[in-house]
Amino acid sequence: MSGHSPHEAHGLRAWPYNLKDENGADYVAPAYVPPNGFLRWIEARLPIIGLTHSAAISYPTPRNLNYWWTFGGILSFMLVVQIITGIVLVMHYTPHADMAFNSVESIMRDVNYGWLLRYLHANGASMFFVAVYIHIFRGMYYGSYKAPREILWILGVIIYLLMMATGFLGYTLPWGQMSFWGATVITNFFSAIPIVGESIVTWLWGGYGVGNPTLQRFFSLHYLLPFVIAGVVVLHIWALHVVGQNNPAGIEPKTVKDTVPFTPYATVKDLFFMSAFCIVFAWFAFYIPNYLGHPDNYIPANPGVTPSHIVPEWYYLPFYAILRSIPNKLLGVCALFGSIVLLAFLPWLDTSKVKSAAYRPLYRQFFWIFVATCLVLGWLGAMPPEGGYVIASRILTAWYFIHLLVVLPLLGIFETPKPLPNSISEAVLKKKGIVAALVVAVGLGAMLGTSRPVSAQEHEAPKPPAVNWSFAGPFGRYDQAQLQRGFKVYREVCQNCHGLSMVAFRNLSEKGGPEFTPEQVEAIAAEYKVQAAPDDKGDVNDRPARPADRFPSPFPNEQAARAANGGAYPPDMSVLAKARGYERGFPQFVFDIFTQYQEAGPDYIVAVLNGYKDPPKDFKLPSPTSHYNEYFPGHAIGMPKPLSDGQVEYTDGTPTTVEQYSHDVTAFLMWAAEPHLNARKRLGFQVMIFLLVLSGLLYFTKKKVWHDIEKPREIASGQDPRATSM
Amino acid sequence: MSSDGHSRRDFLFIATGTVAAVGAASTLVPLISQMNPDASTIAAGAPIEVDLAPVAEGQAIKVFWRGKPIYINHRTKKEIDEAKNVDINSLPDPQTDAQRTKQGHEQWLVVIGICTHLGCVPLDHQGDYDGFFCPCHGSQYDSSGRIRRGPAPANLAIPPYEFVSDSKVKIG
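Those protein sequence lines, which keep their order, are chains A and G.
For the first sequence, position 450 matches number 449 in numbering that gives the first Met the number 0, and the numbering has no gaps at all.
For the second sequence, position 32 matches number 31 in numbering that gives the first Met the number 0, and the numbering has no gaps at all.
Just chain G, with the same shape it has in the complex (with noise of 0.2 angstroms):
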């Protein structure tokens, strides 16, 4: 067989395997894809409204959004001075108050409620600072939801959310 048929039929198989790779390739799609969030469960996640009006100051109450559990906490003001007066560069995540609530606002403290550690939920009103105390591994967040000692990596996330009344604020 001379050189040229050589060629053509290199040429042939590979042609052949690259479609065939191609083929097995793209049959991974689907079976990736079917893995993500469902057409319902990406439906189910669109934002929520809270009415604030029950919710009496010194109090704290959990809602649900996406799945996850949300702290909306009504400061007192004992709690809001706690956490404006706090150096910030002694923080290891430094944030002031008023980069974590909406100004207006400063008695609503509205976090994502899971632990920045290894993603227990923290209770509320408890610890050292006046805010959260993770049972899981023991760290410790502020009354602005901010990480003070413990293995704890980072303050609570906030949610996206915005006031549409003085009463009612909407996640998500």
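Here chain A stands alone, though its shape is the one from the complex (with noise of 0.2 angstroms):
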């Protein structure tokens, strides 16, 4: 293959580059004719349709590309789709320590649709780095980066590594736990570098720890840095144009024959891709918007208090995971970075002159080792840094490194290709591409899930018993009667210590919610007291509450709710729920993808309102105001047992029990959590069915567009007449 490599053989030309047309001349793609005056007289001063014409028209693109290739036109749709969700989130975000949490929870709830556009935003993210990654695999197993596509290869690692910047600048702006100590441990890593490593550090900051200053030049930068990914996939793009795009057999076209225009037949596909991608990310986006998420994030950043276990976002565990595997500091952190930047040396580290796995029997091999070395180190870098989990890491991190710098570099020498067709138009190509989409997505759904925390303490507590609770599932509903009890339970019972600063009391009466009459709202509202606005003396004075008002707190302040609560803090309740949560395990939080599982934090609340027990004998409590309880972490507790049977009055007939009262008051906390879960589970089922019709119709569609090509008269002997398709 080498003997006439292209950029030998033919200089500088422009892609097309070496092909030709029927009558063996060089082929030139068919140019723009503007069809009147008007575009002529636009074209002659500025050819913008003519450029669009030959980059997403006529431009000839291999005949044989599978589906794996529909990737590049996804990634590109979900940065705008990040970008142009991000751009309106942040017309109603503040960064600011004080309230950047706040703000994020009064997006959730008081903007227009602005829990779909945060959820769209953040979910977003995550589908952005699976299609990256699938785009990525997929460019390692065609050899995608191989001569001449060295540039193109690395201007896409800059992408990424962009890609990343960003997602983990992004994961800070909610400022919840994991936002901040995410950024502390990642701002860290700069400190390992020898004697400016900590000046670097305090830079960064802009302050002696990560805080206000930090935030608000975060939120900068993570507005700057996809305009940034948005130049580099131009040059990206461009770079593909001058080269072409690589296809399955990894032959260079030759003839036009080879080739098809990318409008309709790329185009087509890209889309029926596309819309069967958004699926996914509906999916996510409306029935499991917090699955990817980690409930430590929906506490408020606490610089006093690290979580248990601090895990990054499920796109970065496998690096994370090669950082814990090496015990020295710097070294750590040489080999994180080492294993990004090392893939923008594939081409050169890669010898073989075969580019597709296809006809590379041993690379194929190795291949799929290194895509579940990658994933197994994912999952390890979600498990707790100890015993068994770092050696793994050892053995997957030091076999990353084998793989690139040894293995490829070998395999070029001492492997045996199979031999190459001719052409593409000769290529016969086995769909081995169903198992391997089955294996990624296995894998991929895998290290979704593996992005939960797990703490050595909650592996000795029982698993919550699940709850089966009336909002769970596709169709999930909240009960009105349920919530209108839970709030009664809240208000004469955890009210007395437990805050609620983020509900308003005309939420009580929003659709979806408990549904008081509006009457009935201003009724509770005006039983509680809220500060007034200074009269004309400049007095502060109480002032009833108007259902414009959020619930006060009923403690002025964390030393106040300490000194009253034996040292305890009571947190405030407003999205308790989402904050809390259970270890599920492997393979339960595979399975609740598809179950749409969300209910991991009411199941935890219940189990805990219900856990008080007598603690075991071999069981000493800390301290004299803890009390035992089956299911919180450490099983001391400094909350007394708060519910007693008959303690507060139903009057529907509705058991006054513990047990009801928990179900009653955890499902009144999951609305005051999540308080358009109802209109977000009706929309969701709306778009799914919108997109499943687009998607069948996109794929029938596709069907008709290429259907002389997938089964032409004249098909050559041999040939899989679906070689065109996976």
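No wet-lab data here; the hints were simulated from the structure.
Hints should not be assumed to be uniformly reliable.
[Said to hold, decoys possible] Computed list of lysine-lysine pairs in BS3-like fashion (alpha-carbon distance at most 30 angstroms, straight line): (1) A:Lys536 x G:Lys167; (2) A:Lys536 x G:Lys83; (3) G:Lys167 x A:Lys640; (4) G:Lys67 x G:Lys83; (5) A:Lys528 x G:Lys83; (6) G:Lys169 x A:Lys510; (7) G:Lys61 x A:Lys703.
Mind docking these for me? Both chains are given alone in their own frames, and the hints should help you get the complex.
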């Protein structure tokens, strides 16, 4: 193959540099001909339509591209989705350490469709990474980084690095516990640099720790970087259009018969798969929007308390595992960055002249081992850094580097590739794609799910029993009567110690909630006192609350709360149901994607409320003010058993038992944390139906468009008629 | 391919395009809707009550409702008479003083303190008409808040309000 490497033979001719037409002459793609005088006038001054035409319409694309090639288009789409939803979120977000968390919550509660925009943006980031990992592995499998596509590949690695930076910066912005501690850990990477490390970290922070200056600069950069990404994407696509697309056969198209025009062929295929991809996206955004997040990030940032187990977002987990597997700080950070930077050198590390793994029997096996290595490293990244996990991380980290630095160079020398076909039209491709797709899908699913923190303490606690919630599943809705009862329990019991500071009285009458009448809400609000505006003399007095006010907190500050509660701090309950959870374990967390299990928080709260027991004989409570609870991490909870049978009167005949109270108040708290759940699931159903219809239509459109290409009359003997699809 | 096949193909393409267009248009709904006032802003725009007892004759106070300055002017006898004795046909935006105040409470002028020209806040008790003077472009309003001179096209707007008692007004 190297003997007639195209750039040697043809110099720097733009793609399709080596393409011939039917008569053996150099192929020139049909140029744009302006259909009328006006467009001719424009074209003579700014040939933008012609540029678009040559780039996205007449551009010849190999006819044998499979669906793995649609992820480039999907990535562009996701970048646009992220930029649009991001710009919209910025209209409502406040980048200040004191206000960021609450402004995100007000987006979720008050802004029209705010919950939708935020969930799309948060899950969109994950979908972006799903797509980019598939795109990268596709490039590796088919050797897309090899000459003449080295710069194309390096630009891709740069985009990936920028994506990682952007994702990290964005995760800081909600200013929850994981935001804060993630930012602390990641910025501390730079403290590993000898001599100047500490100064660099202080410079990054703008202070002596992660704080408000850090948040503000991270916000600024999070807004900037996507546009830098867009710029590099333009270079990436430009480079692509100079050297042309690789293809599953890994041999360059020779005649125009090996190609099809980008539009309609590639366009419709991309659109179909994009639509199908959106089904997965919508599944996450509408039905399991917090699956990929951490409950801890619904706890406001607290510089004094580190969560028991810090885990980055799932898409960083393999690199996090590499970092942790090395016991030396500087070397660990070097290994982390090295593992990414090495990817840029793949074009030279892989010495084989054959591109596609379809013709490289040994490489193909090593490729799948490498994929598995990355996936398992991802899983290990979510596990606690102890015992066998560390050993496994070290072995796989070693293999990661061995694969890139030793296996790839040697394979090119020792492997005997299968004979290459003479042309794409002759290429016989076996249908291995489906199996591969399944492996990757299951693997990615496994990795997505492992981003949950596991702590040693939680290993001891039994799993909370699953409660049959009315709001679970795709058609789940809050039970209005239950929310009203739960509110009664909150009002008569919980609110003596726990605030509900993000919920407004008016919310109680909104659709999809307890749906009290506006009159009832006014009466409820009037029972509470809130601070009035200063009067003419400057005195600040209390006034009765109005529906527009939020629930006043029972204590003026944390110190007062602790003083009144034996040193314990009763947390605000506004987002408590989303800020709690428990480790689901393998393989349950994989099934949770499909069963839409999102009720770990409520299940845990019910379990704790019912979990008060006499301590076992060998258990010693750490202090006389703590209480034994079977489900509380560490078992010693500061809160005394809050509920007892008959404590709250129900007027609707519902049993007045602790069991019932705990279910009702937890349902109420779930509503307080996620007030638009009903609307979310309803809209989700509509979006799902729409996407299924659109995907179906696009599939048949694609079939029609490709009909003559996929079932040509003059089919070469031995060719798989479906070689052009997966 | 038969013409029958062509029409089937055309139908498929049109149907696909239509569904895609409907989807694209639908995604605009949340993107546009999010810029409207959010629920907390709407809730905060609920009516307010103002105690008028401390407002002396000849004094004007400024209160805020829905983020807008509302002037409550306790008018003097002279100001009321001036407002009533104008030939309304000579006004750019003809309105009687009675149309701009509540019967039995003529001493109170309640207007939105936003110049109808380009939105500046006029100064009270200024200008040639015992009313309001807008420092931005020189519009002058009389003691009934009616435009008398300058570029503003209309009288100062009256917010919805009612007297809960003689000394208490509910705005909104």
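We went through each hint and held it up to the structure:
1. A:Lys536 x G:Lys167: holds (19 angstroms)
2. A:Lys536 x G:Lys83: Violated, because 36 angstroms separates the two Cα atoms, which is more than 30 angstroms.
3. G:Lys167 x A:Lys640: violated (49 angstroms)
4. G:Lys67 x G:Lys83: Distance of about 27 angstroms is within 30 angstroms: holds.
5. A:Lys528 x G:Lys83: Violated: Lys528 of chain A and Lys83 of chain G sit about 45 angstroms apart, past 30 angstroms.
6. G:Lys169 x A:Lys510: holds (28 angstroms)
7. G:Lys61 x A:Lys703: Violated, because 70 angstroms separates the two Cα atoms, which is more than 30 angstroms.
Consistency with the previously given hints fails for numbers 2, 3, 5 and 7, ordered from lowest to highest.
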